[in-house]
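K.L.:
What follows is the residue order along each chain.
Protein chains: 2
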Amino acid sequence: MAMHIQLYDTTLRDGSQGEGVNFSVQDKLLITKMLDDLGFDFIEGGFAGSNEKDTEYFSRVQELDLKHAQICAFGMTRRRGVGPEEDAGLQAMLSTGTTCCTVVGKTWDLHVTEVLRVDLEENVAMIRDSVGFLKSQGRRVLYDAEHFFDGYKANPEYALETVLAAQDAGAEIIVCCDTNGGTLPDELAEIVTNVQKSVSIPLGIHCHNDCDVAVANSLRAVDAGAVQVQGTINGIGERCGNADLVSVAANLAIKKGQDVLQGGEGVKHLTELSRYVYELSNMNFRSNQPFVGRSAFAHKGGMHVHAVNRLASSYEHIDPELVGNERRVLVSELSGRSNIVAKTTKFRIDHDQELMKKILDRVVELENEGWQFEASEASFDLLVKKIAGTYEPKFRQIHYRVSVETAGQKEPLTEATVKLQIDGDGPIRHEVAEGDGPVNALDNALRKALIPTYGNLAGMHLVDYKVRVINSSEGTAARVRVVIESADEHDVWSTVGVSENVIEASWLALVDAIEFKLYKDEGEVGAPLEEAAASPE
Amino acid sequence: MAMHIQLYDTTLRDGSQGEGVNFSVQDKLLITKMLDDLGFDFIEGGFAGSNEKDTEYFSRVQELDLKHAQICAFGMTRRRGVGPEEDAGLQAMLSTGTTCCTVVGKTWDLHVTEVLRVDLEENVAMIRDSVGFLKSQGRRVLYDAEHFFDGYKANPEYALETVLAAQDAGAEIIVCCDTNGGTLPDELAEIVTNVQKSVSIPLGIHCHNDCDVAVANSLRAVDAGAVQVQGTINGIGERCGNADLVSVAANLAIKKGQDVLQGGEGVKHLTELSRYVYELSNMNFRSNQPFVGRSAFAHKGGMHVHAVNRLASSYEHIDPELVGNERRVLVSELSGRSNIVAKTTKFRIDHDQELMKKILDRVVELENEGWQFEASEASFDLLVKKIAGTYEPKFRQIHYRVSVETAGQKEPLTEATVKLQIDGDGPIRHEVAEGDGPVNALDNALRKALIPTYGNLAGMHLVDYKVRVINSSEGTAARVRVVIESADEHDVWSTVGVSENVIEASWLALVDAIEFKLYKDEGEVGAPLEEAAASPE
Chain U
46 MAMHIQLYDT
56 TLRDGSQGEG
66 VNFSVQDKLL
76 ITKMLDDLGF
86 DFIEGGFAGS
96 NEKDTEYFSR
106 VQELDLKHAQ
116 ICAFGMTRRR
126 GVGPEEDAGL
136 QAMLSTGTTC
146 CTVVGKTWDL
156 HVTEVLRVDL
166 EENVAMIRDS
176 VGFLKSQGRR
186 VLYDAEHFFD
196 GYKANPEYAL
206 ETVLAAQDAG
216 AEIIVCCDTN
226 GGTLPDELAE
236 IVTNVQKSVS
246 IPLGIHCHND
256 CDVAVANSLR
266 AVDAGAVQVQ
276 GTINGIGERC
286 GNADLVSVAA
296 NLAIKKGQDV
306 LQGGEGVKHL
316 TELSRYVYEL
326 SNMNFRSNQP
336 FVGRSAFAHK
346 GGMHVHAVNR
356 LASSYEHIDP
366 ELVGNERRVL
376 VSELSGRSNI
386 VAKTTKFRID
396 HDQELMKKIL
406 DRVVELENEG
416 WQFEASEASF
426 DLLVKKIAGT
436 YEPKFRQIHY
446 RVSVETAGQK
456 EPLTEATVKL
466 QIDGDGPIRH
476 EVAEGDGPVN
486 ALDNALRKAL
496 IPTYGNLAGM
506 HLVDYKVRVI
516 NSSEGTAARV
526 RVVIESADEH
536 DVWSTVGVSE
546 NVIEASWLAL
556 VDAIEFKLYK
566 DEGEVGAPLE
576 EAAASPE
Chain D
46 MAMHIQLYDT
56 TLRDGSQGEG
66 VNFSVQDKLL
76 ITKMLDDLGF
86 DFIEGGFAGS
96 NEKDTEYFSR
106 VQELDLKHAQ
116 ICAFGMTRRR
126 GVGPEEDAGL
136 QAMLSTGTTC
146 CTVVGKTWDL
156 HVTEVLRVDL
166 EENVAMIRDS
176 VGFLKSQGRR
186 VLYDAEHFFD
196 GYKANPEYAL
206 ETVLAAQDAG
216 AEIIVCCDTN
226 GGTLPDELAE
236 IVTNVQKSVS
246 IPLGIHCHND
256 CDVAVANSLR
266 AVDAGAVQVQ
276 GTINGIGERC
286 GNADLVSVAA
296 NLAIKKGQDV
306 LQGGEGVKHL
316 TELSRYVYEL
326 SNMNFRSNQP
336 FVGRSAFAHK
346 GGMHVHAVNR
356 LASSYEHIDP
366 ELVGNERRVL
376 VSELSGRSNI
386 VAKTTKFRID
396 HDQELMKKIL
406 DRVVELENEG
416 WQFEASEASF
426 DLLVKKIAGT
436 YEPKFRQIHY
446 RVSVETAGQK
456 EPLTEATVKL
466 QIDGDGPIRH
476 EVAEGDGPVN
486 ALDNALRKAL
496 IPTYGNLAGM
506 HLVDYKVRVI
516 NSSEGTAARV
526 RVVIESADEH
536 DVWSTVGVSE
546 NVIEASWLAL
556 VDAIEFKLYK
566 DEGEVGAPLE
576 EAAASPE
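Those protein sequences? They're chains U and D, same order as listed.
Heads up: the first sequence runs through residues 46 to 582, numbered per my numbering.
Heads up: the second sequence runs through residues 46 to 582, numbered per my numbering.
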């Protein structure tokens with residue numbers, strides 16, 4: 046019978062320790078929403094009290110209407126020689142208002158005496174007091190045993206003493222952490238099996254990928270009896286990263302027949318989830334990522350393509366649709382082929398074969414040029430309108446010009462001019478504006494030209510702006526993709542532009558953002574990004 | 046006692062099936078030389094007779110004076126109904142002139158009947174005839190059993206019959222291939238153990254990473270008795286790639302105490318090998334790659350850094366020098382003074398309290414303005430020089446100007462001018478250049494102005510370019526951070542620029558990139574990461 050294995054996501058805390066990862070509060074809330082939609086059991090939102098961003102997150106996450114996930118606040122055991130009620134860290138955890146607190150404590154005697162520099166008994170007291178205090182305040186407490194495997198190998202009696210202290214003080218689970226990522230599967234399984242004999246509450250597992258076996262270790266721990274796997278989306282995290290929960294979830298559900306992700310539909314959306322997190326963290330997709338990468342079911346060798354055409358299973362270990370991915374043969378770059386119909390159902394257009402094929406062909410073509418629509422639904426919606434023949438541009442560019450000029454070390458002067466024709470054969474407007482940068486100047490000039498006709502544009506503003514080099518092998522001469530997030534009082538939507546020129550790419554994304562706003566206010570395009578991207582139907 | 050585990054590299058054949066991988070003959074020869082230097086046992090050079098490039102490779106590789114490696118020609122069993130001596134594929138293998146031939150044959154009955162469409166007996170005859178023929182021509186024959194695990198699960202008797210045919214015809218090893226990458230470690234180990242009871246020659250293992258467990262599978266197979274591991278450098282290969290021999294070698298040698306790589310010194314050069322192959326295959330480094338990635342021994346959290354300084358093993362599973370990598374301390378708001386001290390030890394500057402405090406204060410101040418040095422070590426190094434008073438600018442900006450101009454839907458015209466004074470009171474240069482975008486145009490103009498004085502800049506190029514909005518609440522008027530990655534023939538370094546203006550931020554990062562290159566070539570800034578990492582003491 047399928048057993049439910051809990052998935053505990055720490056993308057927002059341990060994942061954000063990864064080099065170059067930097068989520069805004071808005072990013073963190075969007076990821077939380079999507080993880081919850083997909084059925085994750087626990088979401089570790091941040092390190093309580095460590096910075097203002099996490100404090101704001103914990104405050105705003107309470108406004109989300111979550112269906113499945115428990116939000117966890119992460120923190121350390123109390124400092125030495127301080128009562129738990131006076132410990133700033135524990136107070137910070139309490140003040141997050143989350144139902145669950147995840148406390149990390151030391152397991153490895155060497156760490157206690159050499160790094161923490163407290164005596165072994167005080168460390169045990171710190172664990173007991175911290176877990177007990179949070180419990181006494183009505184919180185559910187999960188205990189992360191740091192360096193569990195190294196500690197157990199060095200001094201098994203002491204390692205056990207620390208986790209039993211957490212258990213006896215009221216923790217609901219002991220999570221065995223391979224903090225340094227140095228443990229191989231056999232050793233790890235043996236230790237998990239042994240520890241279970243002494244601990245009466247369930248065990249969880251938290252692996253890092255320093256030996257390139259974090260996923261295998263997580264699966265092995267589940268085989269040995271662990272009921273919770275901690276990890277991050279796409280395996281982001283410090284050093285070599287954490288166990289990739291995408292691979293863990295897919296393996297557990299599809300290969301091991303276990304029940305993961307509440308609601309039963311989450312596994313089919315793993316590809317979408319993976320790409321959404323890459324997009325929000327401004328990281329490049331790993332095209333060869335297991336299960337969800339663009340190349341995961343791509344066939345290049347002629348022999349393979351031939352065989353796949355004869356018999357899909359001949360070179361595919363699973364049906365790619367099980368994880369929301371798709372087979373690619375030859376040039377098709379499209380990730381969400383099966384989603385095209387689903388994504389266009391909100392339009393008042395005929396879903397005839399021919400139109401679907403036209404949309405698909407165009408998307409494939411654009412994706413080959415570096416466009417991506419996963420996180421830019423507004424541009425996708427406009428593209429559908431264009432192909433369906435229901436799109437009429439609200440304005441036409443005659444030309445634009447941007448210049449950035451500086452003298453010495455002063456801030457540069459930036460100026461943009463735009464010349465537009467409004468609404469097919471309407472008036473021509475020629476305007477100039479300054480800005481803090483070229484995109485801001487262009488945006489200002491565009492507004493100056495358009496607001497006399499479209500007053501509702503005054504209620505729209507840009508929220509985020511991201512640039513990514515697509516083919517980086519040629520340095521700055523490579524193609525860039527710009528994604529712009531816009532908002533008005535009701536909605537948030539994202540648009541995309543691609544060009545060799547960052548200004549032109551920004552222009553394309555800006556124009557889409559404005560067109561989308563105008564169509565949206567006329568009720569002519571569907572639900573924007575936040576809604577659409579986060580809903581797993 | 047340490048057992049020698051053979052490493053069989055197929056980067057040049059199976060690896061080149063990876064999406065976007067395309068080696069020239071010269072690349073293949075260079076990689077062959079390095080693999081041989083490091084002590085790899087077998088190098089699969091290509092698919093015999095499949096294309097002219099591989100034919101040229103097999104001809105030219107004979108001129109190399111190899112110390113350790115056997116070059117293998119890869120090919121399929123004979124076609125049905127043809128004698129082996131008349132089979133073009135087998136003849137192509139022979140004509141490569143290699144000592145070793147690797148023959149791949151079908152194990153899975155479904156594949157034989159549905160894909161190959163021959164009867165089961167004919168397939169066995171094809172295997173027997175092909176191996177026997179090559180053997181009779183004086184070649185060593187390795188047998189790759191394709192889809193071995195899927196085949197064994199479907200029909201163990203038939204799977205065994207195919208590999209016994211290869212054994213009886215004179216193959217020296219049976220390599221069990223998990224061609225679709227769908228097998229998990231437990232199942233794989235069980236099958237390897239079972240098969241060993243029926244086969245009298247040694248077994249090898251060839252894994253793909255579709256379940257994210259290729260390295261774990263390879264290690265498990267060795268535990269179960271396999272004596273040869275096939276894989277690729279950095280795990281490149283079709284779909285999700287092959288087992289990464291870098292991780293396999295490091296785990297076997299360091300974690301399992303086995304003897305890998307002839308000559309005994311190869312493991313210390315794995316970081317160098319990994320980066321060399323990335324460079325030749327024109328792929329970006331994977332910074333979080335286990336053992337050899339740039340972030341593999343990087344420490345960000347202040348708590349971790351503090352601990353690492355007290356006791357290296359506290360957050361490092363191995364000494365990074367064992368694989369030719371190095372520890373890196375990332376500077377970030379999470380870290381604090383212990384990071385600064387650790388990071389500046391490579392400079393020839395006094396580590397007096399006052400200077401450390403000045404650096405820390407400045408870093409905190411800049412980080413509050415949106416700078417980040419954790420992924421921009423070169424800018425950090427220049428910052429330290431500036432604060433320590435050992436920095437003299439190589440050139441001074443008098444002004445720059447960039448303009449982007451378009452007419453209608455055409456690609457815009459981009460032009461940049463720069464006016465610089467060289468070296469304090471040197472000549473003034475005023476130059477103009479075009480580019481694919483504003484940053485490219487600026488870069489081109491800068492080079493035009495500087496190369497007459499600093500000829501070594503010609504050997505430097507931009508590798509990657511990233512833009513991120515820092516405070517996204519104000520849209521395009523917010524601050525942006527640009528990170529530029531540059532490289533020359535020896536090193537890779539990253540620089541950062543922050544401004545409200547993306548052009549100005551790019552300018553700052555460009556200037557740092559150039560200054561770093563100039564100081565580096567004078568030996569005036571510390572070894573950037575890659576050099577230090579790749580040079581094996």
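Accuracy of the hints is not assured; some may be wrong.
The list makes no distinction among identical chains, and a pair is therefore deemed to hold if it is satisfied within one copy or across any two copies.
Below 30 Å or equal to it, Euclidean Cα-Cα: the simulated DSSO-like pairs (lysine-lysine) are [said to hold, decoys possible]:
hint: 1; residue 1: K98; residue 2: K242
hint: 2; residue 1: K493; residue 2: K455
hint: 3; residue 1: K300; residue 2: K242
hint: 4; residue 1: K455; residue 2: K430
Hints listed in this document are in silico derivations from the structure and should not be mistaken for laboratory results.
On a predicted model such as this, the values are computed, not experimentally measured, just so you know.
K.L.:
Each of the hints needs a verdict: does it hold here or not?
P.N.:
Hint by hint, here is what the structure shows:
Proximity of K98 to K242 under the C-alpha cut-off of 30 Å is found in neither arrangement, the shortest distances being 41 Å within a copy and 60 Å between copies. For the identical chains of this complex, K493 and K455 are neighbours both inside a copy (27 Å) and across copies (23 Å), given an alpha-carbon limit of 30 Å. Taking the shortest alpha-carbon separations for K300 and K242, both the intra-copy value of 27 Å and the inter-copy value of 27 Å come in at or below 30 Å. With identical chains, the CA atoms of K455 and K430 are at most 30 Å apart between copies only, with a shortest distance of 22 Å across copies and 45 Å within one.
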